[in-house]
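**Student:** My request is simple: use the sequences and hints to build the entire structure.
Sequence lines, in order, name chains S and A. The numbering of the first sequence is the working numbering, which starts it at 6 and goes up by one. The numbering of the second sequence is the working numbering, which starts it at 4 and goes up by one.
Incorrect hints may appear among the rest.
Stated by the list, open to error - Below are the EDC-like pairs computed for lysine to aspartate or glutamate, each with C-alpha atoms no more than 20 Å apart in a straight line:
hint, chain 1, residue 1, chain 2, residue 2
1, S, K263, A, E170
2, S, K216, S, D262
3, S, K216, A, E170
4, S, K263, A, E171
5, S, K309, S, E90
6, S, K216, A, E252
7, S, K180, A, E77
8, S, K98, A, E77
9, S, K126, S, E350
10, S, K180, A, E91
No lab work stands behind these hints, which were simulated from the structure alone. A quick note: this is a predicted structure, and the numbers were derived from the prediction, not measured.
So you can see what is in the structure, the chains are spelled out below.
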Amino acid sequence: MSNGTGGGGPRPAFYLAVLVVVVGLVGLALWRFGAISTSRLGGTSGTISKDELQQMAGGGAEAADSSGITTVKEYNYVPATKLPEVAGISSYKPMADRTVKFAINVWAGWGPIIYANNGFKPGKAWKTPGGKDFKVELILIDDPVAMRDAYAAGNVHVGWATLDMIPLFLEGLRKDSRVMPRVYQQVDWSNGGDGIVVRENIKTMSDLRGKTLVLAQNSPSHFFALNALINSGVQPAEVGFKFTQDAFQAAAAFNADKSIAGCVSWAPDIYNLSKVPGNKLIVTTATANKLIADVWFARADFAKDNPDVVEGLVRGIFDAMTDLKEQPAKQKVAKLMADGYSIPETDTLGMLGDAHSTNHAENREFFTNQNNPTNFERTWNTAYFLYKKIGVVTEKTSFDQVMDFSVIQKLMSEPRYANQKNEYDVQFAPASAGAIAAESDEILTKTVVIHFFPNSWDLTKKVTKTVDGKEKEELYDPNVEFIVEEVGKLAGQYGAARIVIEGHTDSSMQGRAPKSLVQELSLNRANSVKEGIIRKFKTLQPNQFATSGMGWDRPADPSDPTNHAKNRRVEIKVYPAEASN
Amino acid sequence: MRLWGERTPPAPAGATSEATNDGRATAPAPSFERPELLALRVPPSQAVRLALGIGTVAVLLVFWWVLTRGPSPETRFISPVILPSPAEVIGSFGTLVRERDLLQSIAATLQRVLFGFGLAALVGVPLGILAGSYRVVEASAAPLSLFGRNIPVAALIPLTILWFGIEETQKVMFIFIACVPFVFADSVRAVTSVHERYVETALTLGASSTEVISKVLVPLALPQIYGSLRSLFGLAFGYIMLAELINAEHGLGYLLSSSQRRGLSEHIILILLVIGVLAYGIDRFLYWLERGLFPYRSQNE
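**Tutor:** Given below as structure tokens:
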């Protein structure tokens, strides 16, 4: 160092100049900062107010409607009218030799496209609907951030994601209309591929309150955990989150540190961890089978320039899903995946069970059915709600800015696709609440409060109120619609779980009314909640639900049994289905 | 040898004397007015240095500004998704400080680096002095030291998780493990490069082995050890990004990786600038200390 300074330090003038530059930059920053008054987001702390919950539900397109919806209700707008217009000159790397560069990760759901492409390398000819050829090169980019950056720079034309990740991507991508994602197809629902492993002493999700949970930040694991915790009434701030870079590290940390109460990770790690004595699997996406949706998305400029290629991709993937029902095709794709992913063939064959490939009928349910409790729009809004809660997203981009169901809609006119059936609904045999509870501990309990008219179990009971001198009829509890939406969504997400609805009453009439009468009333109330849900969400099966009336037997807070307001409630318990073991 | 670091910036008069001294350049240089600017290995004057440094930065800023300006994101030469404009970067300073707790992150990172590196110095320097003095120790530690300096440090992350958990200990120990082989090796080299004549003189004057170490080797090696610690500190700083990948609540490395995750390229650029300014400040501070601690240094070499 003494080399360049001739033994002394730099002159005072140098320090002065640096100081001036630094002060200038800071000053400019402060000035800009003052000019933009962004309100502080909640950070990782905070609780959810009722208003926020209602805002979340408010994302839905429907107003409160007690008359019930009778059939599937599909969006009737044209996607292109809502999607953001693409400005400027396309900035992706041109398709050399008409080859689409399609990013994928190590995941079972990419089986169909790997099969359709006969491996990762471009070679096999794909067809556009017009009969023109194109090729596909599958590029393995496991790290979502690296994938997003390759996509933003135009090095890949198509990216992979779970739908819940796209709001996080949009924070950067929405600055430029050319890189806005266009989601055309759902490739799968995670079905056993993700899960939460806990220590033996954790019986239900709410036991994680005050404990630590290790997981990969801003990943599907994060989404899964936040959703389960908030539905159990646990706020993110009440859990000590330990973040790792990926799910493998989370599993390793859970294994190494016994003070961590739970871990969210992937197959096969979750199954290996659950075999360790003292650990157990509390829930996987085999039970929460309509929560994590894998999709692919094209750059907006690419999709605009090549709509025929996009349609060709959708068709090719659907066709491969049909082929993959046969065992020889599965064997073949396992081999192709083993080559591309550099993992043993036995592993890739086993991996195929981690996801359920979604056919055209299931895509139609997902993209276009407004009455589906787990459709695109609701999954999207749930992700925004959860990520806003922990302060990692800023402004919300509406689902219709990225969802393009035009191809799914177009294929409805072709019997080959239109005749496909939804094959992803679990069939439930009727079971009583008692039998379900005897089988296992519940995964989580969601407590909601519905105010019923005294001695009534009518959910949509209207009362006449005098407002400004005029008589006006309104719902006794205006929150009912919102609660039905919330519970229906939970039942949809946990599509393979048994849902038990427990009615509870306060003990204000203890000693004055017979216990049996109160129990009957609480059972009727639980039943009317069930009916309200099934009326709103036709896709849910009545047999998924069981009801019970608890009367005043189990106060919400045993240490405060006379808190009547707290005790008049409905508890929704989610139980693992017997079939999942 | 002694003049090596102190070649005086040649004044116009000095230029001729140097030319004659070296016995080269007898022909008068046409650029006699300012030959020093492009003269081989001759440092420019302080003012020129400053002007050149600021000039380079200014040119880069202008390039950056030109490439990222335009009426709409799509008409810019470089899309804001790839590179935000200077104004956007500066404008995001407020959110970086307010919402993302920049100051706490700076504190957390400095603490980790200081602890990890301090521990490495505490262990590496005495061991290095010992090994430099007794070469048998050095011989037995040589394979380990070589190994430690050549492993890819990122590979240590999973191992440190297994050994030290995912709390602060892991981050500190990661930096410690990554730095200690270098500290050790540099300390050994500092001791072994003390000229034999000092040792011989001390022995002739009747000094014992321990006296030679404490009165001769250590005082003479310390300035060089200090100098290498100063440059290795920069190395430790470079490891924070890796150290803070796992379960960091605050920290510049964590801020960087979470900004990357969330696509906040403005914040990434700002944090890099902050790291640069911090590193510069720390280095100046250490240099200032060095001049106070080892005023005899210039007589050493």
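**Student:** Now, for every hint given, state plainly whether the structure supports it.
**Tutor:** Status of each hint after checking the structure:
1. S/K263 with A/E170: Holds, at about 13 Å.
2. S/K216 with S/D262: With a Cα-Cα distance of about 13 Å, the restraint between S/K216 and S/D262 holds, given a limit of 20 Å.
3. S/K216 with A/E170: The hint holds at about 15 Å.
4. S/K263 with A/E171: Satisfied, since the Cα-Cα distance of roughly 16 Å is no more than 20 Å.
5. S/K309 with S/E90: holds (9 Å)
6. S/K216 with A/E252: Within the cut-off at roughly 16 Å; holds.
7. S/K180 with A/E77: holds (9 Å)
8. S/K98 with A/E77: holds (16 Å)
9. S/K126 with S/E350: holds (18 Å)
10. S/K180 with A/E91: Status holds; Cα separation ~12 Å.
This entry satisfies every hint, going by the numbered hints stated previously.
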